[in-house]
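Visitor: The lines below spell out each chain.
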Amino acid sequence: MATPTHLSARDIEELGEELDRLRAEILASRGEDDARYIRRVIAAQRGLEGGGRAMMFASLLPPAWLAGTAMLAVAKILENMEIGHNVLHGQWDWMRDPDIHSTTWEWDSASPAAQWKYSHNYVHHTYTNVVGRDRDLGYSMLRVTPEQPWHPVHMAQPLYNLALAVVFEWGIALYDVEIERVWRREKDLDQALNQFGSALKKVWRQGMKDYVVFPLLAGPAFLPVLLGNLTANVTRNIWAHTIIFCGHFPDGTTTFTEEEIEGESRGEWYLRQLLGSANISGPAALHLLSGNLSHQIEHHLFPDLPSNRYGQIAPRVRALCERFGLPYTTGSLPRQTANVWRRILRLALPGPTRPATGETSPEPVIPARAA
Amino acid sequence: MLHIRPLLGAVAGSMTSPLRPDDYRATINPLWSRRRLSGRVEAVDPETSDTSTVVVRPGVGWRGGLAGQHVSVGVSIEGVWHRRTFSLSSPPHRPDGLIAITVKARPDGLVSRHIVHALRPGQTVRLGPPTGRFVLPDELPARLLFVTAGSGITPVMSMLRHLAESRQMPDVMLAHSARNASEAIFGEELRGMAAQLPALRLYEHHTRSAGGRPVARLTMGALSAICNDIPERMTWVCGPPGLVDVAESYWRDSGISDRLLTERFQPAVRPGGGQGGRVRFVRSGRETTASAGTPLLAAGEEAGVIMPSGCRMGVCHSCLVPLAGGQVRDLRTGDEHDTPGDLIKTCVSVPVGDVDIDL
Numbered sequence: 001m002a003t004p005t006h007l008s009a010r011d012i013e014e015l016g017e018e019l020d021r022l023r024a025e026i027l028a029s030r031g032e033d034d035a036r037y038i039r040r041v042i043a044a045q046r047g048l049e050g051g052g053r054a055m056m057f058a059s060l061l062p063p064a065w066l067a068g069t070a071m072l073a074v075a076k077i078l079e080n081m082e083i084g085h086n087v088l089h090g091q092w093d094w095m096r097d098p099d100i101h102s103t104t105w106e107w108d109s110a111s112p113a114a115q116w117k118y119s120h121n122y123v124h125h126t127y128t129n130v131v132g133r134d135r136d137l138g139y140s141m142l143r144v145t146p147e148q149p150w151h152p153v154h155m156a157q158p159l160y161n162l163a164l165a166v167v168f169e170w171g172i173a174l175y176d177v178e179i180e181r182v183w184r185r186e187k188d189l190d191q192a193l194n195q196f197g198s199a200l201k202k203v204w205r206q207g208m209k210d211y212v213v214f215p216l217l218a219g220p221a222f223l224p225v226l227l228g229n230l231t232a233n234v235t236r237n238i239w240a241h242t243i244i245f246c247g248h249f250p251d252g253t254t255t256f257t258e259e260e261i262e263g264e265s266r267g268e269w270y271l272r273q274l275l276g277s278a279n280i281s282g283p284a285a286l287h288l289l290s291g292n293l294s295h296q297i298e299h300h301l302f303p304d305l306p307s308n309r310y311g312q313i314a315p316r317v318r319a320l321c322e323r324f325g326l327p328y329t330t331g332s333l334p335r336q337t338a339n340v341w342r343r344i345l346r347l348a349l350p351g352p353t354r355p356a357t358g359e360t361s362p363e364p365v366i367p368a369r370a371a
Numbered sequence: 001m002l003h004i005r006p007l008l009g010a011v012a013g014s015m016t017s018p019l020r021p022d023d024y025r026a027t028i029n030p031l032w033s034r035r036r037l038s039g040r041v042e043a044v045d046p047e048t049s050d051t052s053t054v055v056v057r058p059g060v061g062w063r064g065g066l067a068g069q070h071v072s073v074g075v076s077i078e079g080v081w082h083r084r085t086f087s088l089s090s091p092p093h094r095p096d097g098l099i100a101i102t103v104k105a106r107p108d109g110l111v112s113r114h115i116v117h118a119l120r121p122g123q124t125v126r127l128g129p130p131t132g133r134f135v136l137p138d139e140l141p142a143r144l145l146f147v148t149a150g151s152g153i154t155p156v157m158s159m160l161r162h163l164a165e166s167r168q169m170p171d172v173m174l175a176h177s178a179r180n181a182s183e184a185i186f187g188e189e190l191r192g193m194a195a196q197l198p199a200l201r202l203y204e205h206h207t208r209s210a211g212g213r214p215v216a217r218l219t220m221g222a223l224s225a226i227c228n229d230i231p232e233r234m235t236w237v238c239g240p241p242g243l244v245d246v247a248e249s250y251w252r253d254s255g256i257s258d259r260l261l262t263e264r265f266q267p268a269v270r271p272g273g274g275q276g277g278r279v280r281f282v283r284s285g286r287e288t289t290a291s292a293g294t295p296l297l298a299a300g301e302e303a304g305v306i307m308p309s310g311c312r313m314g315v316c317h318s319c320l321v322p323l324a325g326g327q328v329r330d331l332r333t334g335d336e337h338d339t340p341g342d343l344i345k346t347c348v349s350v351p352v353g354d355v356d357i358d359l
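Protein sequence lines correspond, in order, to chains A and B.
At position 66 of the first sequence the residue is numbered 66 (the working numbering), and the sequence of numbers has no breaks.
At position 33 of the second sequence the residue is numbered 33 (the working numbering), and the sequence of numbers has no breaks.
In isolation and in its complexed conformation, chain B is listed as follows (with noise of 0.2 Å):
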């Protein structure tokens, strides 16, 4: 039997060469683009003053995901592509279609304060696949906790979303940490939602006082006065890494780790200094050490790795090969590059601290 599909992608295919169909489809819309998945941005809805929802129309590659993984966002800012993760707080599969993150804009991200107050409806963004383990459970549990701080919320958002669209929501409790009631981002929903549901308990914990002083955090003495049955529930703890540290330790010491999930936010990458490091070439699994004014091509090819290279002075793009991990400084303009997977001039980078490279 003929098979038409495989013959038309074939003429299809050398019709476009040296492109592939796909590139045509997504010069007209990006949406339509099954290999480069991307998104319109259909509305950002402020949620407090520091914090937005975005509204995405996933493009045709999208294949939803479950409630509480997150995905990685790409952003064009000042022409540059800009990656970063996100949860997701919308529940899986909308009868609308659409998907949504909400994004707490840090004062030093550029990215998050880009997406909360620059990003416009019509812009388009690039989606990755939903990834990560802090979700449901395929059996529910018959009793849940959820123990979140600041935007620590949104997965547990989706997963609410979720549990309350499907009309089976179990025994929930939900303690939060916020600033204030109005900080809280998603507070009116979950009150709503907590006077709605007999099932769901919601706990709000508060962090400044009326004037502004700050009070404690949510601590594990006040989760457990409030929860008086936490080693009988499915835990899920979303926070800054002193809540997650605290809970994993109370946890462990109580022997009950493997009923409990975390995720915690990446913790800000910090410029180590310049005294140069450790520099691994994972693939040949050599290893040397550079100082801060030795390119990693030098660097490299001192240690016998062999290294794609060509005018050694930034301008020829015959050396860029992926970093792997660690932070580079490009010597002629100062930028420094720490995305694993960012390709990199070796002849004019330079380790700070220990990287790896993907050579």
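Here chain A stands alone, though its shape is the one from the complex (with noise of 0.2 Å):
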């Protein structure tokens, strides 16, 4: 891993104007073509799921099935992916428009989106990459950088990764709530149970639509109806893992400690995001069902940008990274993932421990800024 210590403050700060002049050169041309977008995608969205889940009705019929489970599929990828998440984000918040807009949206996802704002969007996006600040880096359970110490229970990691790809929503869901926060005393019992309660209320409904009343409705199709239901939200579930997870676990992605962020300009913020992210590379269709979120590095330099300009500007974002000398993670998603998966298995093991430099601390990532 370069790390980027050849940056001079002066450097850092003159990457932060650059991004800054970049965001700002998007924010004033957000317009009519980006609105019709975002309105499409949801009424592709919604045609998909309805399409899908009539397609399915028909599902003794072997390729009916098959068919509607696809798009069912396909519909709650594009649901969590390219529209709750960004919607979330309040990347859309700029058309004015309450039925698209982060304070009203709630998405088909086990956490609700009030809880998952919190912990995504401010505690994630905020603390990027921070041991001990950034819940998302293992999501509290998983050891996917050697800066987290090891515990015994890593050995089972790869099993419960495996685990939690499956459930990933409800895994998150769970995860919002922070259990292990009121188990060291940083958060309170009861909001705990509170928000807890919303999820199972969320859990509940889902659980009601997806495996009750839809198959009801089916008749004679009860069973293949319920199978369909279930194999379209394990598949949006391991796709929703597998993409988050390629966005900051491979190689080439950096962890940051508390020390290191205080007192963190502008520019330092930019550097740990660029540092801490990892794109996925790979044709139009991966990054509409990513979410976008395949330019990871562009999402994280600008969360609140509509999603649809991150490919246009992720050249200009990677030539940034070039004249200043600093990495741009990508791969394509098998070698992102079994990155990854290696990293997963191997630090289910102790160590490795850092080049040996005795009893110093590492050196910082970032260099302090001048005095």
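Keep in mind the hints are simulated off the structure, nothing from the lab.
Heads up, some of the hints might be wrong.
Anything over 12 Å on all C-beta distances counts as not near chain A; from chain B, calculated [as the list claims (entries may be wrong)]: (1) R5; (2) A26; (3) R35; (4) R36; (5) G74; (6) G79; (7) R201; (8) G211; (9) S224; (10) R283; (11) S291; (12) A303; (13) P322; (14) R329.
Some chain A residues well away from chain B (every beta-carbon gap over 12 Å; in silico) [as the list claims (entries may be wrong)]: (15) I38; (16) V213; (17) D251.
Quick list of the computed label-pair ranges, beta carbon to beta carbon [as the list claims (entries may be wrong)]: (18) P152/A - W32/B: 57 to 65 Å; (19) G31/A - G285/B: 19 to 27 Å; (20) R57/B - L223/A: 41 to 49 Å; (21) P283/A - R278/B: 52 to 60 Å.
Just so it is clear, the structure is predicted and the values come from calculations on it, not from any experiment.
By construction, the Cβ of each residue, glycine as well, lies at the ideal position given by its N, Cα and C atoms.
Could you use the hints to bring the two separately framed chains together as a complex?
Guide: Listed below in structure tokens is the structure:
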């Protein structure tokens, strides 16, 4: 990992100014085309969901089951990734449309929007990759970086990561309740129980929809519809898990310590987002289905820019990285996925220790600002 | 007895969760939404060089209104929804179910210029319910007087059309002021109505001479000269603030304020300079002052208000709260917000003059 110690405080400030200018340019150019884009994605998603469910009613014919299930899986993926995640980020708030707004949106995920916005938009996006602050770093259960202390329970992490992938939305809902912070007495038990209650309510409603109401409406096709809905949900879970794990855990991404972010400047904040994130390369369909989290770097630099613009600015962000001699981590989906799994397998065991530097603490990745 | 409708509603609700059935209806056709009232533009008809009448087919949630009322109209301009209030110029309950607003493009009016010059048939607008007390009473008085200037004619046009349709036109006097005959909105229709209906008397006042030079505005002196029974008439006045102010003091001085109804155009908001101001949190009842460089979030927290917050740099949207009044500036974009109900990022917004926050 090339640590950018070659950058001076002035360089970092300049990088920040360049990125601020890029952001301002995109903000100023948002318009009708962007609005049409999100409205179309939403309409297509609702059409796919309705069509998929209708198709499944004919699922005593196997091809209809397959087509219906595939349509529903794609609809659920779009709903969570390109629509839900991005709307809840406030990427579309500028349209002033109360129906497509971060404060009014609710998504088809077990975690209630309000709880997820706190743990994701605020905690994760503000403290990205800071060990001990960014709870998304391994989701409080996985060891994804050598900087996290090893615990014997991590020996089982390949197994429970697989299980997490299958039940990902429930895992996230539970994780957003922050049980471990209650245990550490950082969080009020009543608050956690309240949050747990509202997550349960959502899980109940979703369960009723996918596993009771639609199967019952299908009559003789009860079982195929139930299995189709289950398949679509699990497919969406595994997909979301895969995309998200490729965002911050592959080789090339950096973690930080709390001391390193003390008094962080805007340029340093940008730099941390850049170094802590990794992209996925691939065709347009991959970008759409990943909710443009395939442009994780651009998303982390500018979490509230409309997702359809990340691809557009990616070459310019990359050019900036080249200019400042910074890594721009990217790779194909199979490559990055294999890489993350290799890491999860390796870090299930203790070590690796850092290169022998004696008693000194690791060198800060980001140089301190000039006094 | 089993109630079938609530049961169907519950099933439909659970089929579309976490969305509502209405969200799916609105996706197929915005006019089918009962929750978010919309309309489709059927025609945009020019009235004068800078004024157009927009004919709209309202969606299923539309319940009609009273002649003279106004509606909130939302249009999407460059992807951003803007809402403004306009008087209906159509009579209520037209047989074809359509409604109309008549809009004059103001030189600096983003929304009015868009409506007059860019809105096209087939586009969707959002509507609010009709509101306002500038209406005809249930029991019509025997004699009525309307005094209008410029686009102030629009709500009165709705009333006149309503009266003409119902074939019970009482004794009506209309004094209308415009630049000249061709700039008078609905000029031809009004002249036609006056020719056809003996009970309707039309007086047109022009504020430009034939050569285009400004001449006298419509004054109370001129009005009482052409209408000698003002005190006996129920009167409606609509126009620019100048006209309405003059009318209000005239009726007040005559001791007949109870026989006058007025409607004024909203004054254009002017940026009040950059000296910060008083910040009032209307729900918690706290108050503080903030300089032009102090974000509302910091000012609120300093004053002990429980403020939602997050990244404090304008990206995470955790701190959004509705503006209740006044004007704020986004430090990062320089954008100014002055529409009550607008969600503002308190962490990067500063007051421009006194502001009220809905918190």
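Visitor: Sort out which numbered hints this structure fails and list those numbers smallest first.
Guide: 2, 3, 4, 5, 6, 13, 15, 16, 19
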